[in-house]
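With chain P fixed as given, assemble chain U onto it according to the hints.
Heads up: the protein sequence lines correspond to chains P and U, in order. Quick note, in this note's numbering, the first sequence goes up one by one and the last residue is 196. Quick note, in this note's numbering, the second sequence goes up one by one and the last residue is 1615.
Simulated from the structure, these hints should not be mistaken for lab results. Positions of the beta carbon are idealized from the N, C-alpha and C atoms, including for glycine. There's no promise every hint is true.
[What the hints assert, rightly or not] Below, in silico cross-link-like pairs of lysine-lysine (BS3-like), each with a Cα-Cα straight-line distance of 27 Å or less:
1. P:113 / U:1555
2. P:177 / U:1555
3. U:1352 / P:128
4. U:1003 / P:170
5. U:1576 / P:110
6. P:110 / U:1012
7. U:1352 / P:123
8. U:1352 / P:126
9. U:1012 / P:4
[What the hints assert, rightly or not] These stretches of chain P come out as covered by chain U in the derived footprint (C-beta under 8 Å, 3 or more residues):
10. 54 to 65
11. 93 to 103
12. 183 to 192
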Amino acid sequence: METKRLVFVGVGGQGNLLASRLLGEAALAAGIPVVVSEIHGMAQRGGIVESAVLMGNVTSPIVSGAEADVLIGFEPIETLRAMGKCSADSLVITNLSPLPPFTVSIGQGKYPKVEEALELIQKKVKKKVIALNGSALAAEAGNPLSLNMVMLGALIGSGAVPITPEDMKKTIAASTKKAFLESNIKAFDLGMAGAR
Amino acid sequence: MHKLLTDAPGKKMLLLGNEAIARGALEAGLSFATCYPGTPSSEIPEQFLHISQETDLYFEYSTNEKVALEVGAGAAACGLRTMVTMKHVGLNVAADPLMTLAYVGVKGGMVIVNADDPSLFSSQNEQDNRYYARLSGLPMLEPTTVQEMKDATVAAFDLSEELGLPVILRTTTRLNHIRGGVELGKLPPRKTKGTFKKDPFNLVTVPAVSRKLHQVLLEKYDRALEKSEQWPYNQLTGKGKWGIVANGVSVNYVRDAVVDLGIADKVTLLKLGFSWPLPKALMTRFLKQVDKVLVVEELEPIMENELKALAQENGITIPIKGKGVGGLSRLFEYDPGLVRKSVAEYFGIDYKAPAMVEMSDLPPLPGRPPNLCAGCPHRATFYAVKQVFGNEAVYPTDIGCYTLGVLPPISMADYLICMGSSVSSGCGFAEGTDQKTVSFIGDSTFFHSGITGLVNAVHNNHKFTLVILDNGTTAMTGHQPHPGVQANLMGLDRTRVSIENVVRGCGVQDVHVVKPFKIKKTIEALQAARDYDGLSVVISDEFCPLFAKATKQFKRGKVFTVNQEKCKNHRDCINKLACPAMFVEEEKVRIDENMCIGCSVCAQVCPENAIVPVK
Chain P
1 METKRLVFVG
11 VGGQGNLLAS
21 RLLGEAALAA
31 GIPVVVSEIH
41 GMAQRGGIVE
51 SAVLMGNVTS
61 PIVSGAEADV
71 LIGFEPIETL
81 RAMGKCSADS
91 LVITNLSPLP
101 PFTVSIGQGK
111 YPKVEEALEL
121 IQKKVKKKVI
131 ALNGSALAAE
141 AGNPLSLNMV
151 MLGALIGSGA
161 VPITPEDMKK
171 TIAASTKKAF
181 LESNIKAFDL
191 GMAGAR
Chain U
1001 MHKLLTDAPG
1011 KKMLLLGNEA
1021 IARGALEAGL
1031 SFATCYPGTP
1041 SSEIPEQFLH
1051 ISQETDLYFE
1061 YSTNEKVALE
1071 VGAGAAACGL
1081 RTMVTMKHVG
1091 LNVAADPLMT
1101 LAYVGVKGGM
1111 VIVNADDPSL
1121 FSSQNEQDNR
1131 YYARLSGLPM
1141 LEPTTVQEMK
1151 DATVAAFDLS
1161 EELGLPVILR
1171 TTTRLNHIRG
1181 GVELGKLPPR
1191 KTKGTFKKDP
1201 FNLVTVPAVS
1211 RKLHQVLLEK
1221 YDRALEKSEQ
1231 WPYNQLTGKG
1241 KWGIVANGVS
1251 VNYVRDAVVD
1261 LGIADKVTLL
1271 KLGFSWPLPK
1281 ALMTRFLKQV
1291 DKVLVVEELE
1301 PIMENELKAL
1311 AQENGITIPI
1321 KGKGVGGLSR
1331 LFEYDPGLVR
1341 KSVAEYFGID
1351 YKAPAMVEMS
1361 DLPPLPGRPP
1371 NLCAGCPHRA
1381 TFYAVKQVFG
1391 NEAVYPTDIG
1401 CYTLGVLPPI
1411 SMADYLICMG
1421 SSVSSGCGFA
1431 EGTDQKTVSF
1441 IGDSTFFHSG
1451 ITGLVNAVHN
1461 NHKFTLVILD
1471 NGTTAMTGHQ
1481 PHPGVQANLM
1491 GLDRTRVSIE
1501 NVVRGCGVQD
1511 VHVVKPFKIK
1521 KTIEALQAAR
1531 DYDGLSVVIS
1541 DEFCPLFAKA
1551 TKQFKRGKVF
1561 TVNQEKCKNH
1571 RDCINKLACP
1581 AMFVEEEKVR
1591 IDENMCIGCS
1601 VCAQVCPENA
1611 IVPVK
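Looking at chain P on its own, in the form it has when it is part of the complex (with noise of 0.2 Å):
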């Protein structure tokens, strides 16, 4: 099959390193290569959080700057930051959610309007740009941690893998506690449904 590289990134907390385990997982179950890579440092403590996903014919466990086929940011300003992961024709798909880290409060830095940021997004690349309002959805979902549902949701609901939404689901509801399972499949499908 044709290699794929996705990035994913986000701040600790948002749960983005499952989500891209979650779709190793889901690539393995459907026999598709995959080697996932995370950078977790010092997730817990607010940091920047980025993961990759590989698959198919291909080893390299990391995706080198310009060459993302996808990039997942699942907050805005994130995604801008990592946008030197993208060449002009990468899939770019956004949370549109902002999360200020606290420099910006002590005054170290503004956070720039999210409008101006999709913005600069939408201009550097020239697939239409997925871009959603995450948090509103997980929240719409019953469960404002199932961020990352959504944004697993708008990958496979983007068709920019080749991994189905049947499968994705089977693989989420193996590894989500029951209390969960209702709200994260919604998630899951609000996302889908904001891909379009």
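Just chain U, lined up with the frame of chain P:
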């Protein structure tokens, strides 16, 4: 049941590199494991901890890496299969036993997992521990994929027993933290008790014995070399005239580069998975069949230099290059694009890298450095210390979450070289300057290597203040136990060693134990410590909130809010504490009630008493 105990040979599982190593150890019949946790190795012992609670595997978190290796050495001398895990700088701590354990050897197979950290994702240096194999004379294996991390671990135990030597399994962060499909093997039964046979003239390293043992080690080297020549993970692939040599994760970058550049038919790839002793015969065969050689290895030019020496011995004069070609530097980890570009450049292939989107028009984005958590007791302690000692005091710090005190607005970290250095370097600062010295060390780090420095400070009458930030756990690496924890909270049967008793036992006369969320009392204790003419120790005792939550010790106090009518916007709260639960909206400080844990420190700091509990 722990997923790594899945008894289903042939099944494929998506495993983290570190899980694959743990699984490999189980498939090799591991019975004894020790470690001191250190990123990126920490997930290996984490598996062992849980597995030891379900099975008869023996596992312990030892006080430091030296102790871990020595405990493991004892078990291995009884014939048990033993694994000791640590990060690269941990091997520095364990270097003393390592060098002589190589002489004494092992009976049961012993694998020492050493995790290097190119790019310093979470370390104080990026030393290349392949040198330790050369320094100690111990065989070293370097896997390339997650599957190999498991398979090489199994093979490492057999190799260790065959040679009677510990084997070092070297990984890098990238390998520790990737996930890939791993085909499971069989889980054999475990031998949990061995027998120690007395053999002092081979096991007690007095000079006369060690002279003999050094010779034995060199003989073992020859046998290790034979093994290396036949090692399945030393592989020669392709028949081209362009030679590329790579190890570890770089092998993947080279394989992809060769495919991407369409030069597979032109290249011979020599993958070296047994990195000490290097397979000289195989390398010579390789050198004889290629016209030029590129060496792709992160960090130091070790294989490059060995190949050059080998070429010289064999009268081979082809170009051999590594460092300096394209982006191949001694600094930081490599990536696929960098390796592809370097391969293209060296072999003269026309290649245009994909064009990155324009990044120069991005607005300045606010940084997102890691920060002490909301309700972290370290923040309260730092605040109180600064009130007493000000900005001028010298603040040697140590390794743990509290190293984050280096960032503004706390800015209370002035010197750090390694675990334990805050205490001993504090001795030097106390003598070397008239500035006040306040050293910070965490509880786990104190046990790891702070105690010897403290004894030194007492004995040599050094006058400074040591603040022990006791949050009841090894927080930074993921809440592992240490000798001072209440192990019962984690469901473990371990005896607690009291830090206060240790400190008093070392002979410290001026000891204060404070609760850092009580700011006024903490400040009073610190003032007394400051005014004491001698060495003083302040133990700041409060749970890490993440650990408290995980162990269900957490009792959320009333969360706080800003009474906007009272607030005069001094912003002491946000400017001096920078708690992540605080944010500014419409020029007013607010508190995120979902993040606030009710530590009340900000309320005590506010000059207007405008921060109040939510009713």
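Going down the list of hints, with the structure as the test:
Straight-line distance between C-alpha atoms of residue 113 of chain P and residue 1555 of chain U comes to about 38 Å, which puts the hinted pair past the 27 Å bound. Distance check on the hinted pair: residue 177 of chain P and residue 1555 of chain U sit about 25 Å apart at the alpha-carbon level, within 27 Å; holds. At most 27 Å may separate the alpha-carbon atoms for a hinted pair to count; residue 1352 of chain U and residue 128 of chain P meet this at roughly 25 Å. For the proposed pair residue 1003 of chain U and residue 170 of chain P, the alpha carbon gap of about 19 Å is at most 27 Å, so the pair holds.
With a C-alpha separation of about 19 Å, the suggested pairing of residue 1576 of chain U with residue 110 of chain P holds against the 27 Å cut-off. The straight-line distance between the Cα atoms of residue 110 of chain P and residue 1012 of chain U is roughly 47 Å, outside the 27 Å bound, and the hint therefore fails. The straight-line distance between the Cα atoms of residue 1352 of chain U and residue 123 of chain P is roughly 23 Å, inside the 27 Å bound, and the hint therefore holds. Distance check on the hinted pair: residue 1352 of chain U and residue 126 of chain P sit about 20 Å apart at the alpha-carbon level, within 27 Å; holds.
Taken as a hint, the residue 1012 of chain U and residue 4 of chain P pair is honoured in the structure, with Cα atoms around 21 Å apart against an allowance of 27 Å. Counting residues of the segment 54 to 65 of chain P whose CB lies closer than 8 Å to any CB of chain U gives 9, so the stated coverage by that chain holds, three being the minimum. As drawn, the segment 93 to 103 of chain P meets chain U at 4 residues by the rule of a beta-carbon pair under 8 Å; at three or more, the given contact holds. Given a C-beta distance limit of less than 8 Å, the hint that chain U covers the segment 183 to 192 of chain P is violated, as 0 residues qualify and 3 are needed.
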